[in-house]
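S.K.: Join the two chains into one complex using the hints; note that each chain is given alone, in its own frame.
Chains as they are written, first to last, in the numbering used here: chain A, 1 to 267; chain B, 268 to 544.
Just so you know, these hints were derived from the structure itself, not from any lab.
Check before you lean on any hint, since a few could be wrong.
So the derived list for chain A, only partly shown, Cβ under 10 Å to chain B, looks like this [as the list claims (entries may be wrong)]:
#1 R11
#2 W22
#3 A109
#4 S122
#5 G124
#6 R129
#7 A134
#8 H144
#9 Y146
#10 R175
#11 S203
#12 V207
#13 S216
#14 N232
#15 R233
#16 H235
All of these numbers come straight from a predicted model, not from anything done at the bench.
For glycine and all other residues, C-beta sits at the position ideal for the given N, C-alpha and C.
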Amino acid sequence: MADVPHPLTRRRFGATMRRDAWWLQPALVFVLLSSFIVYATWAAFQGAHYTFGPYLSPFYSPELFGSSPHAWFGPKPAWWPRWLVFSPALLILPFPGLFRVTCYYYRGAYYKAFWADPPACSVGEPRARYRGEASFPLIVQNIHRYFLYIALFFLVVLLSDVWKALWFFDSATGRATFGIGVGTLVLAVNVVLLGGYTLGCHSMRHVIGGYLDRLSGRPVRRRLYACSSCLNRAHMRWAWCSLFSVAFADLYIRLCSMGVWTDWRIL
Amino acid sequence: MTDTLKPDLAETGAVEETEPPRPHAEPQGSATFRVWRGDRSGGRFVDYRTAVSPGMVVLDAVHQIQAEQANDLAVRWNCKAGKCGSCSAEVNGQPKLMCMTRLSELPLDQPVTVEPMRSFPPIKDLVTDVSWNFRVKTRIAPFTPRPPDAPDGTWRIAQSDVDRVQEFRKCIECFLCQDVCHVLRDHHLHEEFIGPRFLVYVAALEMHPLDTGDRVEALRRAHGIGYCNITKCCTKVCPEHITITDNAIIPLKERVVDQFFDPLGKLLKVFSRREQP
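Looking at chain B on its own, in the form it has when it is part of the complex (with noise of 0.2 Å):
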C-alpha cells in the first residue's frame, strides 16, 4: 500500500503529512490563556494562568481552566485527534485545531489568545454557530454516477482515476479554511459565496469519474467561484494538508473559464471533437 502511495501523491499534487513545526522548548511551568467569553451580544477576553506540562496542547489547557477556574467555558470538542474537526478555534490569531496545536509550537511568555472562528456567529465562548455550511452543502448538485457498468449494478473505475478526488475527500470539516477566507470572514458574503470548503466538496464531485453531472455553471453564478483571489490562506491552514488552491479551486476555475471564457477553445472542441470530461 505504501508502495502505490507515493506515485499517487506524486500525480495529484497532494503533499505528504508532515510534523509541525517546534520552535519553543517543551513547556513547563505555567501560562497564560487570554480566552474569548461571551456570547452574541458580544464579549471579552478573559485571562486565565494554568499549569502546563510537556505535550500539552491548547484544547488540554483549555479544558484544564474549564475543570479548574471557569466551569461555565463552552468549547466544543469530540475526538482530540485532529479527525472530527470540532474543536476549531483561533488561536493567536491563527485559525487552528485546539486538539493538535502544541504549546510548544507558540510562546508562552505572553499570553496565549484563544478565539472563536470569525467567520461563524458565536454561540457562546469559543462554539460558533457553524450551521449556514450545512445549508450551503444542500444547494450543491449532488452526486450522479452514469449508469451502472457491470448487470449486477456496480460500475469500473481506475485507481489513477480516483486519486484525483481521494485527496478532497480527507476534508474533515473543520471549517477552518471558510473561518480565513476574506471573502467570509472580512466581506461576509455568505450568501453570494460558498466558501474553500464547499469549492473542495464541488471539485470531488465535478472531477470524480462517475459523476455526469455539470456544476460549472453554478459555480460561477450562485456559488461564486469568482470571488476567490487566490490568497491561499484556505490551503495554509487546512490541518488535513489539502491543496485547496493548487487542486481545487483553480481546476474549478479553469473549468469556467472553458465554459464561459475561451471562444477559441469553444471554437476548437467543435471541429476536433475534444474529449469531454
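With the rest of the complex left out, here is chain A (with noise of 0.2 Å):
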C-alpha cells in the first residue's frame, strides 16, 4: 500500500478512515437549520395572517406594536421610518433567534453543518487556521445568558398566549367564553417543549445552581438544579423539537387565518 504521511500532519478537507455515513448528521442538521430559518425569514416578513380567533403565532409574540387586538402599544407607531418593512416579528424575533445562535448544543451542531469546524468527529477539515471560541468574532457567544434572560421573558409571554387561546370571542352573546381547540392544544405544546428547551439551557443550569461547589444544605436550589439537569441531559432533542413546533405553530395559524386549514374546537 502506498505510503502514509506522518500522522501529525494537517489532512486534507474530508479526509478520514471512517467507514460510516458521517457526512449524514451535518447534513441533516445543515438542511432542516437552513429550511427553518428560511421559513422563519419569510414568514417573519409577511406581517399578516398571524392571528387567528384568540391564537397568536409565537413568531409574532409580544406583539408589541400592530393591527391585530393583541398588539401591547397599538398600531405601527409613526416614527416607524418609511422606508423600511414593518413587521411585528420583526421587533422581537432576533432575540429568540439569538437565543438559539448563542445556545452551545446549536454552536456545535452549525459549527459541524455549515462551517465544517470539523466536518464530523475524526474527518479533516478545510482550513488550517483555527482561532475557535477564544477571540473575535466568536468570543461574543459568551454573551449567551443574557439571551436566556430575555428567552425566559418570551417563555411567560408565551405561557400568557396559551391563556388567551383558551378563550373564545362568542358572537351571539358578545362575550369570551371558555374553550379548547387544536390551535390551542399547538400553542401549548410548543410552550411546554420551549420551556424544556430553555429551562434545561446550560447557562440556566449553570445559574440557577451549577455555580456553586456544595449544594448541600440548600434544598430548593438543589432541586432547581437537579431538575435543569434532568432537562440538559436531553437538551438536543428539546432544541429540535422545539424548533419544529415554533414553526408549527406559526404555520398552523397562517394556514387557519387563509382558510386553509380549519381549526377544529374540542370544547
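M.R.: The following block contains the structure:
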C-alpha cells in the first residue's frame, strides 16, 4: 500500500478512515436549520395572517406594535421609517433567534454543518487556521446567558398566549367563553417544548446552582439544579422539537387564518 | 449502594453504562486487519489476515498477528479490561480502546484499519508518545483544600456535593478524547489548549466542595478553554461515558463567563452578596 504521511501532518478536507456515513448528520442539520431559517425569515416579513381568533403566532409574540387586538402598544408607530418594511415579528424575533444561535448545542451543531469545523468527528477540515471561541468574532457567544434571560421573559409571554387561546369570542353573546381548539393544544405543546429547551439550557443550569460547589443545605436550589440538569440531558431533543413546534404553530395559525385549514374546537 | 446510585446519577447528569451495539454477527473464519506500521519518520499500512472467533476484540486480533505474523509489531496494552487506558488506537478511523472493541461491532467483510492516535507523535507502530499530557498536568494548579473541619485534621463533606465531581474521577487517561479533539488533532494547538482530558481534570478540582483554588483565569488564558467549540466528539469517544462537554467543559466555560463576560452578574453580586462557589 502507499506510504501514509506522518500522523501529525494536517489532513485534507474530508479525509478520514471512518467507514460510516459521517456526513449524514451534518447534512441533515444543514438542511433542517436552513429550512427553518428560510421559513422563519419569510414568515417574519409577511406581517399578515399571524393571528386567528384568540391565537397569536409565536413568531409574533409579544406583538409590541401591530394591527391585531394582541398588540401591546397599538398600531405601527408613526416614527417607524417609511423606507423600512414593518412587521411586528421583526421587532422581537431576533431575540429568541439569538438565544438559539448562541446556544451551546446549536453552536456545536452548526459549526459542523455550516462551517465544517470539523465536518464530523475525526474528519479532516478545510481550513488550517483556527481561533475557536477564544477571540473575536466567536468570543461573543459568551453572552448567551443574556439571551437566556430574554427567552425566559418570552416564555412567560407565550404562556399567557396559551391562556388567551382558551377564550373564544362568542358572537351570539358578545362575550369570550372558555374553550379548547386544536390551535390551543398546538400553542400549549409549543410552550411545553420551549420550556423544556429553555429551562434545561446550560446557562440556566449554571445560574440556577451550577456555579456553586456545595448545594447541600440549600434544598430548593439543589432541587432546581437537579430539574435543570434532568432537562439538560435531553437538550438536543428539546432544541429540535421546540424548533419544529414553533414553526408548526406559526404555520398552523397562518393556514387557519388563510382559510386553508379549519381549527377544530374540542371543547 | 445501588439504591443510592440512581438518584446521584440523575443529579450529576452522568450516564449509565450500556452494552455496546453489536450490529454484526459473531465473527468466524478469518478477517483482514490493515495495521499501520512505522515510526516518527513515516509508515504504511500492512494487511494481515488472521483467524477470528466469537468474543474476540481488536486487541486479541492484534496480539494474534503479533504472535503469528509480525513479532516486531509494537502495541501498548495492559489490563485488557478497559480500565488502564493503554491500548488506545483508531479502529476504522474511530478512536477506541482496542480491548473494548469487539469484532462483532465491525464489518469484517472489508479490512479493519488499526492505526495509532493521530494527536500524538508515533513512537513505533501503534504506540504513540503521550508524554505531552503528563507535562500539561503539571501546569494545572493542584488541589488546595480549605483548612480541616475537625481538630483531627479531617473534613466533612455531604455525599451530594461530591457526587458531581465523582463522574470526572472515572477518567482512565486513555487520551481518546485528546485524540479526537480537532483543536489538537487537526490544528495542533498543543501549546495553547490543554484538551478535554485536562478540562475534566480542572473541573474535578474546580467543582470540588473542599477546594479553594481559583483556576478560572488560567482556564481562559493558559489553558485555552475558548478553543473548544463544543463538537462533543470527546464525549462520544469516552470509554467511561463521562459527559465531558455538558458536565465539565460547558460548566467551566460558564465560570469563565461569570468572571470575564457578565458585567451585569458581577454588579448583581456586589449588591446581593451572591454566594461564592
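S.K.: Could you run down the list of hints and mark each one as holding or not?
M.R.: A quick look at each hint next to the structure:
1. Given the 10 Å rule on beta carbons, the hint for A/R11 holds: about 7 Å separates it from the nearest Cβ of chain B.
2. Taken as an interface hint, A/W22 checks out: its beta carbon lies about 8 Å from the nearest beta carbon of chain B, inside 10 Å.
3. Taken as an interface hint, A/A109 checks out: its beta carbon lies about 9 Å from the nearest beta carbon of chain B, inside 10 Å.
4. Proximity of A/S122 to chain B holds as hinted, the smallest CB-CB distance being about 6 Å (cut-off 10 Å).
5. Contact between A/G124 and chain B, as hinted, is supported at the beta carbon level, the nearest pair being about 7 Å apart and thus within 10 Å.
6. Using the Cβ-Cβ criterion of 10 Å, the hint placing A/R129 at the interface with chain B is satisfied: the shortest such distance is roughly 8 Å.
7. Taking 10 Å as the C-beta contact cut-off toward chain B, the hint placing A/A134 at the interface holds, the least distance being around 3 Å.
8. For A/H144, the interface hint holds, since its Cβ comes within 10 Å of a Cβ in chain B; the closest pair sits about 8 Å apart.
9. Taking 10 Å as the C-beta cut-off, the interface hint given for A/Y146 holds, the closest approach to chain B being about 7 Å.
10. At a threshold of 10 Å, the smallest CB-CB gap from A/R175 to chain B is about 45 Å, leaving the interface hint violated.
11. Given hint, A/S203 at the interface with chain B, holds; its Cβ is 6 Å from that chain's nearest Cβ, closer than 10 Å.
12. A cut of 10 Å between beta carbons decides the hint on A/V207: the least distance to chain B is about 8 Å, and the hint holds.
13. Satisfaction of the interface hint for A/S216 is found here, the shortest Cβ-Cβ separation to chain B being roughly 3 Å, below the 10 Å cut-off.
14. Nearest Cβ of chain B to the Cβ of A/N232: about 7 Å, under the 10 Å cut. The hint holds.
15. Checking A/R233 against chain B by beta carbon gives a least distance of about 6 Å; that is within 10 Å, so the hint holds.
16. Annotation: A/H235 was flagged as interfacial toward chain B, and the flag holds, the nearest CB pair being 8 Å apart, inside 10 Å.
Violated hint: 10 only; the structure is consistent with all others.
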